[in-house]
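2 protein chains.
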Amino acid sequence: MTESTTTIFEAAKAEGRSLLTPAEARALCEQYGIPMPKDATATTADEAVAIAGGFGYPVVLKIVSPDISHKTDAGGVIAGVADADGVRTGFETIVANAKRYDANARISGVQVQQMAPAGREVIVGAVTDPSFGKLVAFGIGGVLVEVLKDVTFRLAPVSNEDARRMLESIKAGQLLNGVRGSAPVDKAALAGIIETVGRIVAEHPEIEELDLNPVIASEHGALAVDVRIAVNFEPRHVPNRPPHDEIVRAMNRIMKPDAVAVIGASAEEGKIGNSVMKNLINGGYEGTIYPIHPKAESIEGIKAYKSVKDVEGVIDVAVFAIPAALVPNALKECGEKSIPGAVLIPSGFAETGNVDAQRELQEIGKQYGVRLMGPNIYGFYYTHKNLCATFCTAYTVKGQAALSSQSGGIGMAIVGFSRSAQMGVSAIVGLGNKSDIDEDDLLAFFEQDDNTQVIAQHFEDLKDGRAFAEVAKRVSKQKPIIALKAGRTAAGARAASSHTGALAGNDKVYDDVLEHAGVIRAKTLRDLLEFARGVPALPTPKGENVIIITGAGGSGVLLSDSCVDNGLSLMKMPDDLDAAFRKFIPPFGAAGNPVDITGGEPPSTYKATIQLALEDDRIHSIILGYWHTIITPPMVFANLVVDIVEEMKAKGITKPIVASLAGDVEVEEASEFLYQHGIPAYAYSTEIPVQVLGAKYKWARGAGLVR
Amino acid sequence: MTESTTTIFEAAKAEGRSLLTPAEARALCEQYGIPMPKDATATTADEAVAIAGGFGYPVVLKIVSPDISHKTDAGGVIAGVADADGVRTGFETIVANAKRYDANARISGVQVQQMAPAGREVIVGAVTDPSFGKLVAFGIGGVLVEVLKDVTFRLAPVSNEDARRMLESIKAGQLLNGVRGSAPVDKAALAGIIETVGRIVAEHPEIEELDLNPVIASEHGALAVDVRIAVNFEPRHVPNRPPHDEIVRAMNRIMKPDAVAVIGASAEEGKIGNSVMKNLINGGYEGTIYPIHPKAESIEGIKAYKSVKDVEGVIDVAVFAIPAALVPNALKECGEKSIPGAVLIPSGFAETGNVDAQRELQEIGKQYGVRLMGPNIYGFYYTHKNLCATFCTAYTVKGQAALSSQSGGIGMAIVGFSRSAQMGVSAIVGLGNKSDIDEDDLLAFFEQDDNTQVIAQHFEDLKDGRAFAEVAKRVSKQKPIIALKAGRTAAGARAASSHTGALAGNDKVYDDVLEHAGVIRAKTLRDLLEFARGVPALPTPKGENVIIITGAGGSGVLLSDSCVDNGLSLMKMPDDLDAAFRKFIPPFGAAGNPVDITGGEPPSTYKATIQLALEDDRIHSIILGYWHTIITPPMVFANLVVDIVEEMKAKGITKPIVASLAGDVEVEEASEFLYQHGIPAYAYSTEIPVQVLGAKYKWARGAGLVR
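Heads up: the protein sequence lines correspond to chains A and B, in order. Residue numbering for the first sequence follows this note's numbering, starting at 189 and increasing by one per position. Residue numbering for the second sequence follows this note's numbering, starting at 189 and increasing by one per position.
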């Protein structure tokens, strides 16, 4: 921050303004080298004429008033003024208009501006999001942004490479390449401005919103014609965030404890403190359990203590099953006992409006260095320690998927789906009110947890979206992260005071930030669950070439539709490969892609074509469409697929394979068999298997593993 | 068609042109009263100056050449010419440009046109679609149509009311209402032009494409500035279509036959002719079966005949299970026996490239009045006659859903899903190559079939999309029609020669035409199946007010998202109703909508709130979000819901209810129980139940039953 930029903000702050003057805003942008048309402010018509004469015609005249934010709405802008007479009458007109618009508006003068050359109007802006902080926005001006909300966001600052990608990520991006004879715009210049705006807001947290609107982009550069900067000098809430190694150390003790205390352990059937005890015991937890109870000698056959402070050994985590009112005191005792984590099952805190009680817990946690999970949660599972620290039912199918939910209901759906699908799980975690531990703490733990290969998270908000995005960007390079953001469609609540502002707070911010962080966004609960199950089952594809092999032409068409819907590229079939497939299929079958082997074929045809697809290096992923026939019954198909996949694996060949099975109910058993052998397979669906493959590709692309 | 319009087309035909000249196109539009700017063609610069003087300045100059289609690309347009000198130099410039563009272009002169006032540029056009015939298109000009494909289609002609609706059905439609201070455009004038274009192309089938581009719409009217008309005088294929009552008479005999012949009936296990016989017998068909076999005395215990001609009694339908080569002769015999329908299971026709063989069947069918189902199909089921005229497995769960598929694989998926879900079905029909009987024949049958209450169809193409749309529009007023159009994403194959042309052939045509015909479009196979199952289970809603009652706040958020995704309106809760709900729920529960009763509530809370929602007239549909707890276990919930629904039904209260169940695996049984009692319910999904309700609403709105 240079001295003069400091001065600019100090003036605004001293005067209690929430907007910089146009001259201040312009000065700031010029300091950062954003190209702008020549510009000066006149206080009289004569002065305006003199300035315009110096710039050369045509010019634009704009009212300057600290009280008028949207100049056009106030009749305060006249463009294309061609001569001195025009400047003179224009000056008087807009001053008169502005006074009619707001009789009390203070009018500082009229801005005289060199007129930009013809070009494409775009908007570059920045907003402040309560969760993500400073965001840079880019869109094409006019109706595209205002009516169709065709805009893209990134966390500020943005690299030049990311700025360039923003140009491609809007729907109307191809306009910048020139359409119908218009020349392509200077993308480097545009990306430069985006990058600079990111730097400006990153260096000046007091900027609430920044609009460069319009920026005129032409073949020969880009010029920011108008700038508007809103400021806010109130101190901002900076989320508390322990250092990474501290997080990981505490999370490892909490998630993989050697000793668990159950505060409020109970012998009484139906009590939460009893369910937790039973789940720990029946789940097969092999660490030490310390029931804490004011009177009991023992609970469920295990010696009980009056307080955690009475326990001699080390305790890694305390699970709370006591009423809300008793929590603070028990939590202090945990602090005094140096227990690094508290799992706060009790409700009755912020979710019931009792915000103060929750704040009290946060303060105790901070004071004693106890990390808090919850309150208002079902607890958590960590299967590889046989740990069911929850009042729900035990879950014991070990595997690679770690799931978490903000809501208890969604957590129960996760448990039910997992059990029903026999999905291998490493952890299921309830986050509830997220008074402390949140999604990015879990990411930091699962990142280094060798038992976890995929992370699926349901949330309604992110208390620190920026931290989440930063951690996710790193973790997603190694392990797929799937997110279900609920509340997608809620209308953005905060009133917006600017163009760019009106665009933030909408779901597109989550879309863009999550995508940029390499997170796969699930649109529905079922998608979250299916992706958590299917994505880790698939090996990482080595390239974009997808092939469909199908016994039913009709499935082939629907599977092709799904490929397009899910961003998958159907391989353009090389002639030699086409000929190789044709050797196996009837003359009226269609090679090309989909490879339609036709419905009446024996197992050998499925086998030969799948083997060919596995063996040929140019093919990277395979989608199978099975059609139930007497000649190749469902389980025959399923077995032959598993056999050929195993055979190829022994030769070192692995590729993602998914399957869609059309047929009578026997295809359900065959689908299950395939899934249990690492091939995500679905009966009566041509879309879910392709969605799962699409999710794997999204991750692999984000992690830089394909292309 | 007036005399002068006839002359216009005759000139183009005589000269072998595929384009009308601008003067011809303009004359045609003027005949129909489309408002256009004043216009004349000059052959010299002097003449152009004289014309412009007569109109008044500014004017637009445009090259006139039968060889130049896109004038702008040829540098053949100059707008905003302000005086005589400008006209003179402009004339020379565009003639020179045109010659540089195409040295051989014949240049007829330069068109001088009055310049339209400022306004919104829109496009009104018409195209000829191979399946739907003449379609009218509307979009907002420039990037919205060209880059974002924001355009809407209707079958021509269009009523004025439909034309007005087209203005609302594009994404950027609100632009026409004026944004940021611009005045709303004259929608009546615009709708008038759309309606007129529809009439023009309906009355002139030789028009292949028509572009009014741009039409300038302003506050005070709309003016078609440029017109381009492509013609095609080749005779068009007119699909053969029997009269409605003839279709219904034949289809009733085919679908509900009293006597079935099986041509190629076989005693040999594994043969198609044996499977068909067994399915007929084991399925419980009570009509007469006539096995046809060259030698056998009897098959599966039933007396066999050498030919259908040897049978004395009346035969309603013949099922073919013989090789392709034998079909023509057997089909002739069916004709001679006056059998009204042939179910052609055999393959080896158009799908293998053997188009001639299929044409032969079509000709025989036509000659003898035999309607053909197939060839290349699995046959069909009609459960209310216990009829399984197929080589697949028998299906016997009687119900109200009629399903059809173009593809055999999809047909098998229908059978499997139906059996797995115990879905009540009236018919399942394979249409295969659709040599004759197609989707609209089935619609005509199911329309008057009292056993059918919902019709779900999978297809890849419509051989006569116009007939389908017309029949569907009528039928959908009575019974919901659900369509899965496969091949959604295939790139439009035909080369387009105009703006509007480039937009047709895309999937948006199906979207718009199906929606306008009241058809619910399923995006995926699973959607088709779930909608076929769920839509008839739900009573028709009486209004748009949807309420969510949930035990899990997290489900409430996701269910709300799904409501928005599926076009459902969450009721704004009146104060008195809010207070009424609050009486039943804990103080920290949230009334409003969703009504969050919180997770720890007993069955009585669910019961009281559901009863209130059923009893209050202002609520029209209910979405339940259940959360598995010990206090209200899944089957307790399911039973209480069914009880209260039955109780209210006895009082004459029925409303659509769907349910989302979050919990451990017991919720699967509870969901099934609810579904079997008329409440579409899904475990681990917050979206599918809402999609099903959304589909019901889509239908009810299209049929004019809500709002």
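Do not rely on the hints blindly, as some may be mistaken.
Note that the list lumps identical chains together, so a pair holds whenever it fits in one copy or between two copies.
To be verified - List of simulated lysine to aspartate or glutamate pairs, EDC-like, C-alpha gap at most 20 angstroms:
#, residue 1, residue 2
1, K586, E548
2, K201, E212
3, K459, E789
4, K839, E732
5, K525, E280
6, K483, D255
7, K226, E474
Just so you know, these hints were derived from the structure itself, not from any lab.
>> Run through the hints listed earlier and report the numbers of any the structure violates, in increasing order.
In response: Failing hints, ascending: 1, 4, 5, 6 and 7.
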